[in-house]
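A.B. asks: One line per chain: the protein sequences are A and B, in this order.
According to this note's numbering, the first sequence holds residues 266 to 771 in order.
According to this note's numbering, the second sequence holds residues 266 to 771 in order.
Keep in mind the hints are simulated off the structure, nothing from the lab.
This structure is a prediction, so every number in the text was calculated from the model and none was measured.
Honestly, I wouldn't trust all of these hints.
As the list makes no split between identical chains, a pair holds if one copy fits it or if it spans any two.
[Unchecked claim] Computed list of lysine-lysine pairs in BS3-like fashion (alpha-carbon distance at most 30 angstroms, straight line):
no. : residue 1 : residue 2
1   : 291       : 392
2   : 491       : 758
3   : 639       : 762
4   : 762       : 451
5   : 423       : 551
Here is what each chain is made of, one letter per residue.
2 protein chains.
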Amino acid sequence: MNAGFIMKFDLQGKFILSGDATSFKKDLEQFIANFNKTLAKKDKDQKATIKAFKIQKNTLSLTIVSDGNFRPHNALLQIKNVLSKELGKKHHVGVRDITIQQYTIEFELEKPPLKDTNIPFAKLKFKGKQATMVLKDVDEEFLRRNYIDRMINLVKEKVENQYYEGKAEFWKLIWESKAKKPVWSKDPTEEMVKRDWLRQGPTKGKWFYRPQITAIFRAMEQIAIKEVLEPLGFQEIIESHIVPFDVWLKTGHLEGMPGEFYYVAEPATRDVEQWQKFIDLTKITKEIPFEELEKNLSTPTAGICYAQCPVIYWSFKGKTISESSLPIFIYDKTANSCRYESGGRHGIERVDEFHRLEPVYIGTREQLLKLRDKLLDCYKHVFNDILDLEWRMAWVTPWYMKQAGKIGDTDVQDTGTIDFEAYMPYRGDRKKSEWLEFQNLSILGDKYIKSFNIKAQKSELWSGCSGIGLERWTTAFLAQKGLDPKNWPSGFKEYLKELPKGITFL
Amino acid sequence: MNAGFIMKFDLQGKFILSGDATSFKKDLEQFIANFNKTLAKKDKDQKATIKAFKIQKNTLSLTIVSDGNFRPHNALLQIKNVLSKELGKKHHVGVRDITIQQYTIEFELEKPPLKDTNIPFAKLKFKGKQATMVLKDVDEEFLRRNYIDRMINLVKEKVENQYYEGKAEFWKLIWESKAKKPVWSKDPTEEMVKRDWLRQGPTKGKWFYRPQITAIFRAMEQIAIKEVLEPLGFQEIIESHIVPFDVWLKTGHLEGMPGEFYYVAEPATRDVEQWQKFIDLTKITKEIPFEELEKNLSTPTAGICYAQCPVIYWSFKGKTISESSLPIFIYDKTANSCRYESGGRHGIERVDEFHRLEPVYIGTREQLLKLRDKLLDCYKHVFNDILDLEWRMAWVTPWYMKQAGKIGDTDVQDTGTIDFEAYMPYRGDRKKSEWLEFQNLSILGDKYIKSFNIKAQKSELWSGCSGIGLERWTTAFLAQKGLDPKNWPSGFKEYLKELPKGITFL
Numbered sequence: 266m267n268a269g270f271i272m273k274f275d276l277q278g279k280f281i282l283s284g285d286a287t288s289f290k291k292d293l294e295q296f297i298a299n300f301n302k303t304l305a306k307k308d309k310d311q312k313a314t315i316k317a318f319k320i321q322k323n324t325l326s327l328t329i330v331s332d333g334n335f336r337p338h339n340a341l342l343q344i345k346n347v348l349s350k351e352l353g354k355k356h357h358v359g360v361r362d363i364t365i366q367q368y369t370i371e372f373e374l375e376k377p378p379l380k381d382t383n384i385p386f387a388k389l390k391f392k393g394k395q396a397t398m399v400l401k402d403v404d405e406e407f408l409r410r411n412y413i414d415r416m417i418n419l420v421k422e423k424v425e426n427q428y429y430e431g432k433a434e435f436w437k438l439i440w441e442s443k444a445k446k447p448v449w450s451k452d453p454t455e456e457m458v459k460r461d462w463l464r465q466g467p468t469k470g471k472w473f474y475r476p477q478i479t480a481i482f483r484a485m486e487q488i489a490i491k492e493v494l495e496p497l498g499f500q501e502i503i504e505s506h507i508v509p510f511d512v513w514l515k516t517g518h519l520e521g522m523p524g525e526f527y528y529v530a531e532p533a534t535r536d537v538e539q540w541q542k543f544i545d546l547t548k549i550t551k552e553i554p555f556e557e558l559e560k561n562l563s564t565p566t567a568g569i570c571y572a573q574c575p576v577i578y579w580s581f582k583g584k585t586i587s588e589s590s591l592p593i594f595i596y597d598k599t600a601n602s603c604r605y606e607s608g609g610r611h612g613i614e615r616v617d618e619f620h621r622l623e624p625v626y627i628g629t630r631e632q633l634l635k636l637r638d639k640l641l642d643c644y645k646h647v648f649n650d651i652l653d654l655e656w657r658m659a660w661v662t663p664w665y666m667k668q669a670g671k672i673g674d675t676d677v678q679d680t681g682t683i684d685f686e687a688y689m690p691y692r693g694d695r696k697k698s699e700w701l702e703f704q705n706l707s708i709l710g711d712k713y714i715k716s717f718n719i720k721a722q723k724s725e726l727w728s729g730c731s732g733i734g735l736e737r738w739t740t741a742f743l744a745q746k747g748l749d750p751k752n753w754p755s756g757f758k759e760y761l762k763e764l765p766k767g768i769t770f771l
Numbered sequence: 266m267n268a269g270f271i272m273k274f275d276l277q278g279k280f281i282l283s284g285d286a287t288s289f290k291k292d293l294e295q296f297i298a299n300f301n302k303t304l305a306k307k308d309k310d311q312k313a314t315i316k317a318f319k320i321q322k323n324t325l326s327l328t329i330v331s332d333g334n335f336r337p338h339n340a341l342l343q344i345k346n347v348l349s350k351e352l353g354k355k356h357h358v359g360v361r362d363i364t365i366q367q368y369t370i371e372f373e374l375e376k377p378p379l380k381d382t383n384i385p386f387a388k389l390k391f392k393g394k395q396a397t398m399v400l401k402d403v404d405e406e407f408l409r410r411n412y413i414d415r416m417i418n419l420v421k422e423k424v425e426n427q428y429y430e431g432k433a434e435f436w437k438l439i440w441e442s443k444a445k446k447p448v449w450s451k452d453p454t455e456e457m458v459k460r461d462w463l464r465q466g467p468t469k470g471k472w473f474y475r476p477q478i479t480a481i482f483r484a485m486e487q488i489a490i491k492e493v494l495e496p497l498g499f500q501e502i503i504e505s506h507i508v509p510f511d512v513w514l515k516t517g518h519l520e521g522m523p524g525e526f527y528y529v530a531e532p533a534t535r536d537v538e539q540w541q542k543f544i545d546l547t548k549i550t551k552e553i554p555f556e557e558l559e560k561n562l563s564t565p566t567a568g569i570c571y572a573q574c575p576v577i578y579w580s581f582k583g584k585t586i587s588e589s590s591l592p593i594f595i596y597d598k599t600a601n602s603c604r605y606e607s608g609g610r611h612g613i614e615r616v617d618e619f620h621r622l623e624p625v626y627i628g629t630r631e632q633l634l635k636l637r638d639k640l641l642d643c644y645k646h647v648f649n650d651i652l653d654l655e656w657r658m659a660w661v662t663p664w665y666m667k668q669a670g671k672i673g674d675t676d677v678q679d680t681g682t683i684d685f686e687a688y689m690p691y692r693g694d695r696k697k698s699e700w701l702e703f704q705n706l707s708i709l710g711d712k713y714i715k716s717f718n719i720k721a722q723k724s725e726l727w728s729g730c731s732g733i734g735l736e737r738w739t740t741a742f743l744a745q746k747g748l749d750p751k752n753w754p755s756g757f758k759e760y761l762k763e764l765p766k767g768i769t770f771l
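Extracted from the complex, chain A is given alone in its bound form:
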């Protein structure tokens, strides 16, 4: 919580004791008076008080208020501990249960909400910038789990986001190439489909790449390896393309884009007996018995790779890296990525399944800023001298940085993301049409380093990554240079001497 924020708490709670308290009412009154004194003695900011209480048979009802940093629900848990000890010793009575009947929390927002705002577990009311959150019938487990503070944060975040919605993303040009005359202005995917270089499917947003386009992808991959990754000392690793939820909980992806994952469901069992009915029904009907299938599957606990960096960070989880290994420059090119796109799919440039090389770098701030300069030099060399593209670079603010609110507003940044965009002639005028983001480069500070508890022998660590998408590089190149190798720049032709003959259909 920001210390400057005005917050008010009003908690009505109840202890159920294991015996009637009428006989030691006085003791309880004394206990509460003492507890209030203890609370008062604490730090000035911790202005919590037991404002009222009532004893009825085996029930002790309390009203605790606070307008400081000490939360009444934490006070309630403390009271439980002390009370259990004292009553147990003296009166052989314990605390059976603890509930909050009502918990009202008032806090101030930076700006008033722009629309209806709700969260789970509480009712919300707003009066200008003043938010009131009312919880009812909350149990002890709920209090212990620190949900309350996250609920307050969630309200603030939701209201703040209302001010960003519909606004243009931050975008600041860094560099642009000169305009180049494109060879053609057709949509490369459509033309490749006509030539049998490609076939859509077998599921939505996926492609089957035949030999010609595959050879182009592999040339792009070799360019990335030979002109960027190997010269800078990147070592290849191979990661799993199945990502468990706990990894995405740490990176924030799971709460960020749950509607964009391809989820993975394991069989509940491999036992053939359990699957027998499914097998029999499939054999008889030659259709899928979905009801049987559902019985035999576990609920997903993982998804298919969305970006490659989370599992790379996971591989360092809890580790201490030797100083001599810094900076760590590694990349994965094996995990295929899937994103559920629903609308918005287009050609091979906006797909549900794509193929990327993802370099990840971990090192000191200085090491990473130096690497960024070198990476930019290498990329410029590739896009200017080898692919001869019309392209530009811009600072942008990616999703995982938006809420931090600190970055993306200055020209030169330590942390942040640079997008690389290519002009796509088939989309129309270069000034008016949308360019294709075909590459990015991020330095993320210590965000993921902290999430995964990664340490170095001595240094403070930062990290970052840079996604090199084969579909994007290829489609940017082909959109500008066409499908005929005779129009391709000589630098590229060194990496692809000849197109394979492919397969001819009638």
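We have chain A already, so just place chain B on it with the hints.
C.D. replies: Only chain B this time, still in chain A's reference frame:
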């Protein structure tokens, strides 16, 4: 159905008419007499008869028997058509509904069942080799869908399989190298974990391969490409690693091993509003709200690649290949494969996720038999001269051929699978221990060609495939040659000049 099989059918069916039939009872009797005559006139083998019938108000009950190839349920559907026409014309009465109250089918098995045998939709009784299948309350849709014949086949298949269970698989040695003195007898995975070349996870049976082992994988991949695939003219393609059920229905995988797939569930929607509660709960609790997740997921209709060839066959589905493109030699090395192993996982040699190059070949019988010889020569060169392995080859019968019963029993075969096995010193004595299957090679005849309706301009097509697993090649090699490059054969060192330095942890 085998013509020689004795089968008896007894069907008790019922037509519900749209009006009372009492007034034209005579017409109905005449109709049935005529229909019996028509049945009698047919081929001798089609001995079907309407044995009895009863008319009660708007119900016509029939008993149809047959001991020939003409099925009473097909007779029933024919009667419906003719009856509808005649009654409609003459009496303005239609057939509302058609049901089978009881359908008894007797047929002979090759051998009596060895244990309790059941299938869906029917009760089974056995008396020696005599099987009796009784269906009750079957509707028209069921009859039309040709389930009956598939049910008879399923019973036969189940009983036949009972005789195979527990029996050793067919295995016939073709060739073996001479014994070679292994460098060590340790389990390579365990040693690599100790050296930080590998890390298990992040989910079951998956691995994170750090730079050293990745470099070895890539050397193996280059050997496969440069010594086998490119010299024989294989072209690379890139396939999706998401396989829809309809592809696995055609290959038989879905009924073959449904308990071994990793299933893929798409979001029911990408709409953030629909996911809001999931997002809010995740943010507040920092745990997964599985109930909300399940609400927002679709039932799987696809799985992750199990083997690469099915999607390659799909890419040719319904196509006619130009004669000039034959034989087609292509391979995929991009789709990562997943198999749910539950038990039996071991090191990097028995895993849930693996990386393979899968060459697929489509051509005439002669073209493929010639290719097989060439592939065998190339593989021998790799395993003898480059990797210097102790290994052997054997004819085996894979799952998809077992039920055909025709193959796997002869020394030299047109179709069938050859397994390549390597001695694993850490498993003990070379004569007694189990060797590792590290490669295979199949020619499958026209099985998949027919399933996917693939045609050539003129030729009859066959197909086959050969899985080259990086985990398997690597683990066979390291188990025999150890982790120290100084003990590696010079042929391999030409493909991997130096191990990368990797990452050092404290």
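A.B. asks: Each hint needs a verdict: does it hold in this structure or not?
C.D. replies: Structure-based check of each hint:
Taking CA atoms no more than 30 angstroms apart as the test, residue 291 paired with residue 392 passes in neither setting, with 42 angstroms inside one copy and 86 angstroms between copies. Taking the shortest alpha-carbon separations for residue 491 and residue 758, both the intra-copy value of 14 angstroms and the inter-copy value of 21 angstroms come in at or below 30 angstroms. In this homomeric assembly, residue 639 and residue 762 come within 30 angstroms of each other (Cα to Cα) both inside a single copy, at 28 angstroms, and across copies, at 27 angstroms. In the homo-oligomer, the alpha carbons of residue 762 and residue 451 lie at most 30 angstroms apart inside one protomer (24 angstroms), although the nearest pairing across protomers, at 45 angstroms, exceeds that limit.
Taking the shortest Cα distances, residue 423 and residue 551 sit within 30 angstroms of each other only across copies (17 angstroms), while inside one copy they are farther apart (49 angstroms).
Taken one by one, the earlier hints fail for this structure only at number 1.
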